[in-house]
Amino acid sequence: MPIIGKRERVEEVEIPTASMADIAFLLIIFFMTTTVFARDKGLKLVLPEKGQEVKVASKKLIKIAVNPAGEIYFGDELVQPNQIPERVKRKLQEDPKMVVLIRTHENAPYERMIEVLDQVKSVPEAKRISLSIIRAETQGG
Amino acid sequence: MRIKAKRKPKATIPTASMSDIAFLLIIFFMLTTVFRKETGLKVVLPQARMTERIRKSRDIANIYIDKDERISVDDKLVTPEHVKMAFKIKLKENPSVLAQLKADKRVRYGVVNDVLDALRDARAFRIIFATEYPRKG
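Line by line, the protein sequences give chains L and F. The opening residue of the first sequence carries number 1 in our numbering; numbering runs sequentially from there. The opening residue of the second sequence carries number 1 in our numbering; numbering runs sequentially from there.
Keep in mind the hints are simulated off the structure, nothing from the lab. For every residue, glycine included, the Cβ atom is placed at its ideal position computed from N, Cα and C. One should not assume that every hint holds.
What the hints assert, rightly or not - Computed spacing ranges between beta-carbons, pair by pair:
1) L:L61 to F:F29: 46 to 52 Å
2) L:K50 to F:E52: 22 to 28 Å
3) L:D22 to F:K92: 44 to 50 Å
4) L:K50 to F:E69: 22 to 28 Å
5) L:K41 to F:L31: 19 to 25 Å
6) F:K92 to L:R128: 26 to 32 Å
7) F:V34 to L:S58: 41 to 47 Å
8) F:V34 to L:E12: 44 to 50 Å
9) F:I27 to L:A57: 54 to 60 Å
10) L:S122 to F:T15: 31 to 37 Å
Said to hold, decoys possible - Distance condition first, Cα-Cα at most 27 Å in a straight line; then the derived DSS-like pairs of lysine-lysine:
11) F:K92 to L:K50
12) L:K55 to L:K127
13) F:K90 to F:K56
14) F:K84 to F:K67
15) L:K44 to F:K56
16) L:K127 to F:K56
17) L:K41 to F:K90
18) F:K10 to L:K41
19) L:K44 to F:K105
20) L:K44 to L:K55
21) F:K84 to L:K55
22) L:K44 to F:K102
23) L:K41 to F:K84
24) F:K90 to L:K50
25) F:K76 to L:K44
26) L:K41 to F:K8
27) F:K105 to F:K76
28) L:K63 to F:K105
29) F:K105 to L:K127
30) F:K84 to L:K44
31) L:K41 to F:K92
32) F:K102 to L:K127
33) F:K42 to L:K44
34) F:K102 to L:K63
35) L:K97 to L:K60
36) L:K44 to F:K67
37) L:K41 to F:K6
38) L:K44 to F:K92
39) L:K59 to L:K127
40) L:K50 to F:K88
Could you put together the complete structure from these sequences and hints?
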């Protein structure tokens with residue numbers, strides 16, 4: 001028992017916290033510079049289930065086709081992409097239950113199909129959008 | 001003009017709470033950071049005006065299709081058949097998985113359609129076509 005009677009000198013115990021903020025800010029800067037905001041963005045779509053295809057009467061379809069050259073046909077008419085929303089809107093005013101069908105040829109560039117999908121999506125009334133493909137040989141999807 | 005003897009008040013900035021603020025920020029950044037799992041393929045995304053931000057970054061699984069029609073899932077080059085298998089497994093692990101299709105804008109639609117078919121077979125119905133906001137000007 002060595003310390004009986006001996007007066008202890010109480011040393012002030014201190015943790016130096018002055019540099020704490022520096023350390024923390026260093027870490028922040030590290031995280032800020034290494035973070036790549038993975039901004040996921042795109043066009044959402046829900047696919048139909050296989051085998052659950054609903055037969056839709058041809059009259060109820062708004063047909064938009066994209067051919068291999070990237071030309072867009074609304075029904076049988078050749079149209080410019082920016083004409084699509086107006087035409088779709090007009091059709092949906094006649095019958096709001098119509099389904100927009102985008103038929104793309106398999107050799108058509110993906111970009112054109114997205115362009116059409118984008119135009120159709122800009123019509124808020126167009127809720128039901130369907131995608132389909134035109135095969136090169138078999139003609140019609 | 002008479003100059004009054006100014007009493008100089010001691011100017012101090014309280015720095016004691018500085019580290020608290022800093023650590024709070026660190027924790028925020030650590031929690032919001034989603035590390036990208038794969039390097040993917042180099043693609044030029046198509047542009048679309050109706051592009052939406054997708055909030056649930058953690059539930060997203062990417063499929064890359066580059067302009068040479070190679071398909072990549074989890075950094076492996078695969079066929080549409082494998083896409084189906086991969087997504088069946090992914091959906092089992094996390095049923096709220098969202099398939100994000102990062103296809104190059106020059107790719108033929110036929111390839112995209114094959115992948116879409118594979119996703120339907122795997123019952124991954126909720127998909128996202130990755131697009132960019134159109135550049136202004």
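Can you confirm whether the C-alpha distance between L:K41 and F:K84 stays at or below 27 Å?
Judged against 27 Å, a Cα distance of about 23 Å means the pair holds.
Between L:K55 and L:K127, is the straight-line Cα distance small enough, at 27 Å or below?
With a Cα-Cα distance of about 17 Å, the restraint between L:K55 and L:K127 holds, given a limit of 27 Å.
Going straight from one Cα to the other, do L:K97 and L:K60 come out at no more than 27 Å?
Roughly 7 Å separates the two Cα atoms, so the pair holds.
Between the alpha carbons of F:K84 and L:K55, is the straight-line distance 27 Å or under?
holds (25 Å)
Falls inside 44 to 50 Å, the C-beta gap from F:V34 to L:E12?
45 Å Cβ-Cβ, so the 44 to 50 Å window holds.
Is F:K92 within 27 Å of L:K50, Cα to Cα?
With Cα atoms ~18 Å apart, F:K92 and L:K50 stay inside 27 Å; holds.
Sort out whether F:K105 lies within 27 Å of L:K63, counting only the CA atoms.
holds (23 Å)
Given the proposed pairing of L:K44 with F:K102, does the C-alpha separation stay at or below 27 Å?
holds (13 Å)
Okay, L:K41 versus F:L31 on CB: inside 19 to 25 Å?
holds (21 Å)
Pair hint outcome, L:K50 versus F:K88 [Cα-Cα no greater than 27 Å]
holds (15 Å)
Starting from the hint 22 to 28 Å, judge whether the C-beta atoms of L:K50 and F:E52 obey it.
Taking Cβ atoms as reference, L:K50 and F:E52 lie about 26 Å apart, which means the hint holds.
Within 41 to 47 Å or not, the Cβ separation of F:V34 and L:S58?
At 45 Å between Cβs, range holds.
Violated hints, listed in ascending order, are 10, 18, 26 and 37; each of the other numbered hints is respected by the structure.
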